[in-house]
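**Student:** If you read the sequences in order, they're chains E and G. Heads up, the first sequence is in numbering that gives the first Met the number 0, so the first residue is 0 and it goes up one at a time. Heads up, the second sequence is in numbering that gives the first Met the number 0, so the first residue is 0 and it goes up one at a time.
The hints are simulated quantities; they were obtained by calculation from the structure and are not laboratory data. Among the hints, erroneous ones may be present.
As the list claims (entries may be wrong) - Stretch-level coverage of chain G by chain E, calculated; a stretch enters the list once three of its residues show a Cβ under 8 Å from a Cβ in chain E:
1) 102-115
2) 120-134
What the hints assert, rightly or not - To list a few chain G residues with every Cβ distance to chain E over 12 Å, as calculated:
3) Ala53
4) Ile81
5) Ala215
6) Val287
7) Gly336
8) Asp478
9) Asp495
10) Arg542
11) Ser612
What the hints assert, rightly or not - List time: in silico DSS-like cross-link candidates among lysine-lysine, alpha-carbon distance up to 30 Å:
12) G:Lys134 / E:Lys26
13) E:Lys26 / G:Lys171
14) G:Lys741 / G:Lys285
Note that this is a predicted model, so its numbers are computed, not measured. Note that beta-carbon positions come from the ideal geometry of N, C-alpha and C, so glycine has one too.
The residues making up each chain are set out below.
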Amino acid sequence: MNILYFLIGCSVLVALVFLGAFFWALKSGQHDDIYTPSVRILFDDEVKNVTDEKSDNNHISD
Amino acid sequence: MSNSTVTHQASVCYHCGDKLPAIKLSFDEKDFCCVGCQGVYQILSENNMCNYYAYNDTPGQRIKDDGHFEYLDEASIITQLINYKDKENSIVTFYIPAIHCSSCIWLLEHLYKINPAIFSSRIDFLKKEVTISYKHENVSLREVVEVLNQIGYEPLISLQDVVKEKGNSVNKQLIWKIAIAGFCMGNVMLFSFPEYFGLSALEKEFQYLFAWLNLAFCVPVTFYCARDYFTSAIASLKQKFVNLDTPLALIIAVLFIRTAVSTIFNDGPGFGDTLTGLVFLLLMGKWVKQRTYHHISFDRDYRSYFPIAITTLKDNREKPVAISEIAVGDRLLIRNGELVPADAILMKGDAWLDMSFVTGEAEPQQKVLGEIVYAGGRQMGEAIELEVVKPASQSYLTGLWNKEFYKTDFKKRTFNDSIAKYFSIGVFVVAFAATGYWLWQNDSAKAWSAFTAVVIVACPCVLALSTPFTLSAILSVFDKKGFYVKNTDAVEKLADLDTVVFDKTGTLTSTHNSEIRFEGNLTPGEKLLVASLLYNSSHPLSRQVLKVLNPSKIYAIAKYNEVVGKGIMGVVNGRMVYAGSKRALPFEVNMVSSKENSGVHVMIDEVYKGCFSVDQQWREGITSLIGDLSEDYDLKVLSGDTNKDEQMLKAVFKPSTPILFNQSPHQKLEAIKALQAREKKVMMLGDGLNDAGALKQANFGVAITDNINNFTPGCDAIMSGSSLGLLPNFIQLSKDGLTTIKISFAIATSYNLIGVYYAVQGTLYPLVAAILMPISTITIISFTSLATRYFARKNGLK
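For reference, chain E alone in the conformation it holds in the complex (with noise of 0.2 Å):
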């Protein structure tokens, strides 16, 4: 049963993971804004022309 030991500061540590990954979530913004990023996601991408060549070389990297 000793190896209960072991198994119980696993789950702490499995916990402790969690725990750091939502403060770094909270802290990188990830919670601010809700909202826009389900609104964002439903636009279409757009249908390139051929004589469009460099529009979208600047599209948002972030």
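Following the hints, put chain G in place on chain E, whose structure we already have.
**Tutor:** Frame of chain E, contents of chain G only:
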């Protein structure tokens, strides 16, 4: 946005959706109501951005005047506005009130198509903010703003933006605390389960480990998550006053000490699960209470009303200067539609100032040369020159904010705080009685466990939870109906009022639904003549009258002459037509109309035809509102306007209602103070800057507005004008909310009594506490949400 399946209708403007006037503009087989709308369409179609019109029908907004953005070239102003700057890139965030649909998001996030130097733009839809990154080598801040303005999304740049406060950090810290408390609670529960189900001999060896682990998880919860309760309790005890945090802090401390003692001496399980669960729930309640409206600001002052910069004249050269840098003696140039930012003397030009927002007077005032012009007036007409006599921060108007005379002592203690005292005393009496009994019985072990158990089980956490949950449920009912209350404490104040004071202009009347009426006679042919003349003027009144006339054709005009701020004249179809203010009429006229100083007067060929006047309209449902309110409340009207509407007001209000006219902002404030001195609890409804002092002083200040994004003075709640008729229902719901809280308190007390029965005997097993607390919490939260729903329906708000 609501019915996006409806395809574009021919009778409305393709861009903004307004009804098309008889003379419409056509471009690309699409109809537009004005040049502005057509212009936006042209820009978008040139840049291949017609997707804007694909996501929503008529997503645009009517364009107002061309803005003057020269001030955005000033380096000192730029550095105040931008968030970040490096060698190549700048980042700036603007508040854009016009953002309202998904098309807006699409358009503003594709600004790079219009100008590639604006390489990224991100919208926060709920806050109506756009964050723009641009290469400042290739495009200036002014050009960025001008691009926004061209496509109909003018950012609101006010003084308050410059001094943006970062109010978000407090909230973020609370989320950190909730996350940690939740994490600890989950783990403590996990390690407590074996204890609940009973331990076999084999598992006994783990008991020691679990207890220590639980204690370890309790440490951050007690000393980090629950820290505010201790500091708040100590602070209130120092002032010899008991708030709700005092018993909470005591319970948390007792729980922790007892858990630590039983862990260290290895005598049975501790209360780790109760402790972490309690702190987690308390923090959740706090979080619910702190919910705020991102898009509404309740603490606006003059800084968000004034623009950020104004044009000054130095050596006959125009130079934009930040408002805060205006000094006494500066020469200011105020164009049509601009605000006077500081008290100043009129030096040049014809000043017609719309002071309705400042004084409540509905009609523009004329000022003569050498007269003092107070800050806050909006110039209507030609550009004027002023010399500053007082800096902006010390003007007559801003003085209302700077004075330190506002209430704090009037602040009523909330239901929670007032009951916390009796609650604490009750708990201590029972706890010490139990301890005393067991000491008398010579059983000190039981005395200790009885004392701690009573304190633990009598937890007022339900009180701390039922209030925020009930009141925030009420807040969301309110906000669906266009009534935005600042916070949950304000809802409690709303329930406890006995006097309602109204402002007139903009509150009882609506400035937006004003109706144009013509006094006199005009034949259809003459109407066309007048319309043709007005067609050439860009004055707001001309546009309004033209909209009403809605002519089918327009004649050519000769000898057109516009005297800015006075009137226009010209020869139409061979006949001399004149339209403008009465004083500037070319001939003396015997006035039949009551409108001496306002309105558009019309003359054709030396014959006075009559006058278009703008009537203020009473808001809908005023009569029934006043009828409902006068049963339970003392009413009063404080108007900054002249007494021309006295008869109409008398018809609506009871004869005994005091109605005062010509009230200055300071008189309004003094009137509220006088009522409060007579122990009255006053609600003030107002809209303009002239009510700002009174709104702030009143126990509950409500700002009425027709557009939630417009400027409103600082207040406890913002109400959209159309919801004014529901005011009695709002008040009733807040009263019912307090009843709900009291009932839930009674329910919680009955749970506690069961717990106390075991606790005084010293036989409270941790499991009982761990079960009792969540059960009572769940009961209360479901009761409050059901009761709120029921009451909302009863009051016709759902």
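**Student:** Against the structure shown, which of the earlier numbered hints fail to hold, in ascending order?
**Tutor:** 3, 5
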